[in-house]
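Under the working numbering, the first residue of the sequence shown carries the number 223, and numbering increases by one thereafter.
Fair warning: there could be bad hints in the mix.
[What the hints assert, rightly or not] Keeping only pairs whose Cα atoms sit at most 16 angstroms apart, straight-line, the calculated EDC-like set for lysine to aspartate or glutamate is:
1) K305 / D288
2) K329 / E300
3) K329 / E294
4) K327 / D307
5) K305 / D321
Derived from the structure by calculation, the hints contain no laboratory data. Note that this is a predicted model, so its numbers are computed, not measured.
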Amino acid sequence: MSYPERLKSDFPRFDFANFPALTFEKPDMETFRNLALAFEALARGGNMPCVLNAANEVAVAEFLKDRIGFLEMSEVVERCLPKMDYIAGPTLEDYVSTDKETRIKAKELIN
């Protein structure tokens, strides 16, 4: 949240050696909607991960400016994905234009 700067922390550095028995559970995809959307974009492939990333970056920026709520971030991403043209084998130019167009669409959806 402070990128590119680093926030100072009073917490000690995490040492994995002190926690050898970490366990993990499957995430709740309804609660963590952006995670589900990320998996969907990756499964579809093409330029969809680029769409997800651009929409998410716009949503986070607007959240940090108090223009949208925390839960609205995933709504912005979810609404952008079907609105953008799918490109199965994107070129660098396709990625650049996809990123630009998605950012415009995300801002339109927020305003």
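So which hints don't hold here, by number, going up? 1
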